[in-house]
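Colleague: Top to bottom, those sequences are chains A and B.
Going by this note's numbering, the letters in the first sequence line up with residues 693 to 1128, in that order.
Going by this note's numbering, the letters in the second sequence line up with residues 693 to 1128, in that order.
Don't read these hints as lab results, they were simulated from the structure.
It should be emphasised that the depicted structure is a prediction, and the values quoted were computed from it without experimental measurement.
Among these hints, one or two may not hold up.
Chain copies aren't distinguished; within one or between two, either way the pair holds.
Unchecked claim - No farther apart than 25 Å at their CA atoms in a straight line, the calculated lysine to any residue pairs in the SDA-like style are these:
hint : residue 1 : residue 2
1    : Lys893    : Val789
2    : Lys1040   : Asp948
3    : Lys1040   : Gln862
4    : Lys1040   : Asp946
Number of protein chains: 2
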Amino acid sequence: MTVTITGVDVHDVRFPTAAAGDGSDAINRGDYSATYVELRTDAPGGTFGAGFTFTNGRGNEITCAAVRALAHHVVGRTVEEIVAQPVAFWRSLTADVQLRWLGPEKGVIHMATGALVNAVWDLRAKLAEKPLWRLLAEMPSEELVRNIDFHHIIDALNPAEAAAILEKGQIGLSDRLAELERDGFPSYTTSVGWLGYPDDKVRALTREAYGQGWRAMKMKVGGPIEDDVRRARIIREEIGPDALLMMDANQVWDVDEAIENMSRLVEFDPYWIEEPTHADDVLGHARIAEAVTGLSGGRCRVATGEVAANRVIFKQLLQAEAIGVCQIDACRIGGVNEVLSVILMAAKFGVPICPHAGGVGLCEYVQHLAIFDYLRVGASLDGRMVEYVDHLHEHFVDPVRTRGGRYLLPDQPGYSSTMKRASIAEFSFPDGPVWA
Amino acid sequence: MTVTITGVDVHDVRFPTAAAGDGSDAINRGDYSATYVELRTDAPGGTFGAGFTFTNGRGNEITCAAVRALAHHVVGRTVEEIVAQPVAFWRSLTADVQLRWLGPEKGVIHMATGALVNAVWDLRAKLAEKPLWRLLAEMPSEELVRNIDFHHIIDALNPAEAAAILEKGQIGLSDRLAELERDGFPSYTTSVGWLGYPDDKVRALTREAYGQGWRAMKMKVGGPIEDDVRRARIIREEIGPDALLMMDANQVWDVDEAIENMSRLVEFDPYWIEEPTHADDVLGHARIAEAVTGLSGGRCRVATGEVAANRVIFKQLLQAEAIGVCQIDACRIGGVNEVLSVILMAAKFGVPICPHAGGVGLCEYVQHLAIFDYLRVGASLDGRMVEYVDHLHEHFVDPVRTRGGRYLLPDQPGYSSTMKRASIAEFSFPDGPVWA
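Could you build all of it, start to finish, from the sequences and the hints given here?
Modeller: Spelled out as structure tokens, the structure:
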């Protein structure tokens, strides 16, 4: 059966979250939004592919325009030809001789690529009648490798190395799968410590989360340092010495400022400092990592990735030993194909994957990636957990399910990326009832 | 007199250059385009500010959309408040709490910032009745420093260091100005060796350019290596051993591939290899720089910058000793303010500025930046030259003028960025007569 992609529908969907202070940090105050894409096909039963990229409100129309500019590379393709020549398909989006200038492979144009590529993977998984994590985990190593564009990263990871990692990941896979089916995948919560929340709300949310079973929590830092110290103390008091506390500065600090502020915050035993400085500053992250390792006696590491532009930035973060935690995002970079390359590079460099989530639908996406990583690449849960934010899941057809601070395995076919019709209609910008 | 910016007009202007093979290289084949912006004001006489960012054709509507998304930060401002608080104004564009997510400070959203910020500088220079280079060169050091956002680069350059460089640049300035008024500013031509041109056209164009007085020429490489070698030989034969030959790979090579190919091409004594690999790969450029220095006995250096996303990437290229030539672009990064920071960082690290030009109006822009750099920062012409491409100048009200391979000083007020009304009308996409 040949399935042809017959059209691309793009929806500008925005949720009015800014007013509530949800999602406020040192530099963002957003109306969580999605550039939501559906690929129509001629498959019997109307099977379609759903994908999106996450934005922060204003400007979602720009990523929508970018999806429209790229759509001609997708419409008219068959799923079979994409499966047969996945890198050729991927490069038709990332190396368009005119559109590449707008990136290259970064920002708006690359986020649009991510939305489209993920929609193709959702379609592939739906046609295979498997959740994406299972489609990937069961895929032969050579086929997974064939989905990766090694251009510009081959100095860090070559196809033979990638295949060897994936082959090794076959060992014990069924045991790991049984474990996940029984226990779920570990996660942490970021819902307790947004900068927009007052102290008493932080304390109450922390206590509530601890009571629900969470043993890893993340707070935002990057405000006045005395405020950060005070809020860190509140959270550490509530969770005790054993639970993990992560800190996230959302890039607001300069390099030396990050080192100075961490010399104050190590008192609260942070497990990681996330985005301590500008996302593009590989060398700066490397300096901070060295300093923080010293300040914390090796207990605190540097984490970043949610704003890392592409596989070339991740490559350098790993080469420079700038990160101890690799925070892949599902849709800032060019979708599943590029994420696979980052997961494999991280494995080669011995850095665990802890995906970025939150926003709109990012939890739905990244659970698949983390599960695949554990089953087939990383093969250990040590230091691995998925971010969890309790926002906006109700708008998805196959929302994440958690139990006691763990993600349960998704079992519906696809990438859990399909949004409910009613939500699309209600939150469409600017004409949906919420915005009109 | 207070001047208020009352509106922003955005034009999608595209020139059908792809069909002719002009501007074809290893990864681009473009219809040279501009997201062209005019800031309307209430100034007597209708003074307006003109700015643009350059794109490669398809997708120019996306940068236009990004300008519209940012325009509310500009409309209603007075020139006086921008001059008084330039970094606050700049950050209103680059650190918008919602739009920042689309970059940050890279790609489409940052190019749109560049168009708007440059339009403001054109307006400032027109109101001062000076060409931009003169406005900048005559500006007190503390005011120049006040226009720079040191956030995320202060580990490489602080305000005191910047002020000291600028103060030192006052010495001998009038002599350097007299020299430029007499001789013009050195340049090199890229019009001889596009990949789209056959060998005999390359030879003829090279011979013609040499006859016109050009003693520095750039060729595109990154095709099959035997083709690159053959074309390099043709050009070197035509220009003799003394003229400079630069090579530009437009990012097409992997890191090790770049080193291997340069081991073939050093035979033709390249003065620099430009964009040998992915624009984001700071560490890769550093490895290539070290190798090429060895291969050439120190005669060949690495150049990049036209696709460097922002000042943080430039900072790292300099910190890592990855470049020996700093190729600023006027409108990929956030306009004059950010370019100033790069020029000053390059000066601190002892790397000469050779601006990227070509495209639409880039020669018009960057001549001002190079002249300012020589007059006030670099203070030496050693290794300094501006790219020159003989395309599309006729569409500008104040086009570049050259004589014997040198740019003559622009003398009209502004940033030479105003496009002719008739050109805007004729080449507007999709409704102008050329496209309709």
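Colleague: At most 25 Å between C-alpha atoms: does Lys1040 with Gln862 qualify within a copy, between copies, both, or neither?
Modeller: Only inside one copy: Lys1040 and Gln862 sit 16 Å apart there, 53 Å across copies, limit 25 Å.
Colleague: When no copy is specified for Lys1040 and Asp948, does a C-alpha distance of 25 Å or less occur within a copy, between copies, both, or neither?
Modeller: Close across copies (19 Å), not inside one copy (30 Å); limit 25 Å.
Colleague: Treating 25 Å as the Cα threshold, decide for Lys893 and Val789: within, between, both or neither.
Modeller: between (51 Å within a copy, 23 Å between copies)
Colleague: Within a copy, between copies, both or neither: where do Lys1040 and Asp946 come within 25 Å Cα-Cα?
Modeller: Cα proximity of Lys1040 and Asp946: across copies only (19 Å, versus 30 Å in one copy).
In summary, this structure violates none of the numbered hints.
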